[in-house]
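S.K.: Please arrange chain B on chain A, whose structure you already have, making use of the hints.
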Amino acid sequence: MRLFFKLVYRDINLVIKGASDTGAAILFYLLAIIMFPLSSGTDTNLLTTIAGGAIWMAALFASLLSLDRLFRSDFEDGSLEQIVLSGMSMEIIVLSKCLAHWLTNGLPIVLLSPILSLIMGLDYEYWWILAITLLIGTPSLTLIGATPAALSCAIGKGGVLTALVLLPLMLPVLILGSGAISAEISGLGGKGHLYALSAIFPISLLVSPFLASRSIRLGWE
Amino acid sequence: MINKHIIYAQNLSFDRSGRNIFSSLSFSLDSSESIIIKGKNGSGKTSLLRCLAGFYPITRGKLLWYGEEILPAYYSEKPLISWLGHFDAIKGSLTVRENLMFFMEIWSVNINIFHEVVKVFSFEKFLDFPASWLSAGEKRRLSLLRLSFCPAKVWFMDEPTTYLDMENKEILISIMSKHINSGGSIICATHENFHLPNTKEYSLG
Chain A
753 MRLFFKLVYR DINLVIKGAS DTGAAILFYL LAIIMFPLSS GTDTNLLTTI AGGAIWMAAL
813 FASLLSLDRL FRSDFEDGSL EQIVLSGMSM EIIVLSKCLA HWLTNGLPIV LLSPILSLIM
873 GLDYEYWWIL AITLLIGTPS LTLIGATPAA LSCAIGKGGV LTALVLLPLM LPVLILGSGA
933 ISAEISGLGG KGHLYALSAI FPISLLVSPF LASRSIRLGW E
Chain B
73 MINKHIIYAQ NLSFDRSGRN IFSSLSFSLD SSESIIIKGK NGSGKTSLLR CLAGFYPITR
133 GKLLWYGEEI LPAYYSEKPL ISWLGHFDAI KGSLTVRENL MFFMEIWSVN INIFHEVVKV
193 FSFEKFLDFP ASWLSAGEKR RLSLLRLSFC PAKVWFMDEP TTYLDMENKE ILISIMSKHI
253 NSGGSIICAT HENFHLPNTK EYSLG
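The listed protein sequences correspond, in order, to chains A and B. Here my numbering is used: the first residue of the first sequence is 753, the next is one more, and so on. Here my numbering is used: the first residue of the second sequence is 73, the next is one more, and so on.
It is worth saying that the hints were derived from the structure and are not from the lab. Just so you know, not all the hints are guaranteed correct.
Once the Cα atoms are required to be at most 20 Å apart in a straight line, the calculated EDC-like pairs of lysine to aspartate or glutamate come out as [what the hints assert, rightly or not]:
#	chain 1	residue 1	chain 2	residue 2
1	B	134	A	973
2	B	112	B	141
3	A	758	B	177
4	B	211	A	973
5	A	769	B	170
6	A	758	A	843
7	A	758	B	196
8	A	758	B	170
9	A	769	A	828
10	B	250	B	188
11	B	250	B	231
12	B	150	B	140
13	B	272	B	102
14	A	769	B	239
15	B	110	B	210
16	B	272	B	231
17	B	76	B	170
18	A	769	A	843
19	B	211	A	843
20	B	150	A	843
21	B	191	B	141
Extracted from the complex, chain A is given alone in its bound form:
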């Protein structure tokens, strides 16, 4: 457990020192949402309708950008081999990397969302449902993304390929997340969506460490 947090701390430190794309991914998230109203006109009603979906799409792409390098730099410079030889199980390494990724990517996305909902013209009373869907959804995005990120190390290339594998896998989270917001706005209530969205998290938490660690080991073979 002590090793787990050491690794989380190291990964966050690496993000702060600018060794990964995570900071840039957050800026991308901000910029994409700021640019969205500029490209779709001044119709406030239209913007309000699509605000939830647009913010969710931006969050998805921001996660995608940084997930691509979740394991890559440690895989390529041999750090991952050193860490797994240090008496840490691969599954724990995957989980700690996911936690570090969520703290530096998912959490800022959640924290920025109320401000961004203003930019998108989402009614003030609905900011909380947006924030809650992102809070529940982004950990699942990170966990679901871990396996394709690990696989991209195994085949030695990433970028667009990771995105192609990842996007379909993330669809349920996207549909439920943005669906909860529109259901809440339409007056139906988004609770059902929220429950289903929360169910994805434990499933991905149980499955993804095993799949991702197997994929990394495949990359070594």
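M.R.: Showing chain B alone in chain A's frame:
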């Protein structure tokens, strides 16, 4: 009898992508022993090290660590080997100290041992440099420094002399000898002629 050996390998074979890399290797490694693996480029030295560590699955044969069917890459109690590979596992954006501190903490290394080793490699003045400022030879020395404070008894070294100058090769050989004399073991793939105590030499290919 087998239980006494740190590594016991019997008839190890390894095929990769349909090509036989090595076959029917049998050897054992005990404490205070070293094995030097020699062979041409592409003869399978690195593959052998990676098989023994558990990164590559052996095709045939029997491989035991401490008499049990465990492998360092799958063992999560404590580090079984200290590994020096082709990749340096150094983060350029962190300082030398931060790079070392991370491994010190996950290996629970005493700070005194750390200072001692830093002195051996004369790395004191580099500690607060970003690791990206180091030259290739200095990075290799940093990897050696990390290798030598790892609590694991067995050192796996894959061409450790790469990028090193004559003076540092001497230091390398002296720390390797010291490690063997104090009860440790080494498996080293190299092209150099090392004079280590208590050594066995195997040729591949």
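S.K.: State for each hint whether it applies.
M.R.: Status of each hint after checking the structure:
Of the pairs offered as hints, the one joining residue 134 of chain B and residue 973 of chain A holds, with about 18 Å between alpha carbons and a cut-off of 20 Å not exceeded. Our distance criterion of 20 Å between C-alpha atoms is broken by residue 112 of chain B and residue 141 of chain B, whose separation comes to about 30 Å. Only pairs whose Cα atoms come within 20 Å are accepted, and residue 758 of chain A paired with residue 177 of chain B is accepted, the gap being roughly 8 Å. For the hint linking residue 211 of chain B to residue 973 of chain A, the alpha-carbon distance of about 26 Å lies beyond 20 Å, and the restraint is violated.
Taking the CA atoms of residue 769 of chain A and residue 170 of chain B, the gap is near 11 Å; set against the 20 Å cutoff, the hint holds. Among the hinted pairs, residue 758 of chain A with residue 843 of chain A is consistent with the structure: their alpha-carbon atoms are about 15 Å apart, no more than 20 Å. A hinted pair counts as satisfied when its Cα atoms are at most 20 Å apart, and residue 758 of chain A with residue 196 of chain B does not qualify at roughly 24 Å. Taken as a hint, the residue 758 of chain A and residue 170 of chain B pair is honoured in the structure, with Cα atoms around 12 Å apart against an allowance of 20 Å.
Using a Cα cut-off of 20 Å, the hinted pair residue 769 of chain A and residue 828 of chain A holds, with the two alpha carbons roughly 19 Å apart. A distance of roughly 14 Å separates the Cα atoms of residue 250 of chain B and residue 188 of chain B; the hinted pair therefore holds under the 20 Å criterion. Between residue 250 of chain B and residue 231 of chain B the CA atoms are separated by roughly 19 Å; this keeps the pair inside 20 Å, and the hint holds. A threshold of 20 Å between alpha carbons decides the hint, and for residue 150 of chain B with residue 140 of chain B the separation of about 15 Å falls inside it, so the pair holds.
With a CA separation close to 11 Å, the supplied pair residue 272 of chain B and residue 102 of chain B stays within the 20 Å bound. Straight-line distance between C-alpha atoms of residue 769 of chain A and residue 239 of chain B comes to about 34 Å, which puts the hinted pair past the 20 Å bound. A C-alpha spacing of about 25 Å is found between residue 110 of chain B and residue 210 of chain B, which places the hinted pair above 20 Å, so the restraint is violated. For a cut-off of 20 Å, the pair hint linking residue 272 of chain B to residue 231 of chain B stands: about 16 Å separates their Cα positions.
Of the pairs offered as hints, the one joining residue 76 of chain B and residue 170 of chain B is violated, with about 38 Å between alpha carbons and a cut-off of 20 Å exceeded. Between residue 769 of chain A and residue 843 of chain A the CA atoms are separated by roughly 26 Å; this puts the pair beyond 20 Å, and the hint is violated. Taking the CA atoms of residue 211 of chain B and residue 843 of chain A, the gap is about 29 Å. The hint is violated against a cut of 20 Å. Proximity of residue 150 of chain B to residue 843 of chain A is assessed by CA-CA distance (about 16 Å); at most 20 Å being required, the pair is judged to hold.
Only pairs whose Cα atoms come within 20 Å are accepted, and residue 191 of chain B paired with residue 141 of chain B is rejected, the gap being roughly 38 Å.
Going down the numbered hints, you'll see the structure goes against 2, 4, 7, 14, 15, 17, 18, 19, 21, while the others check out.
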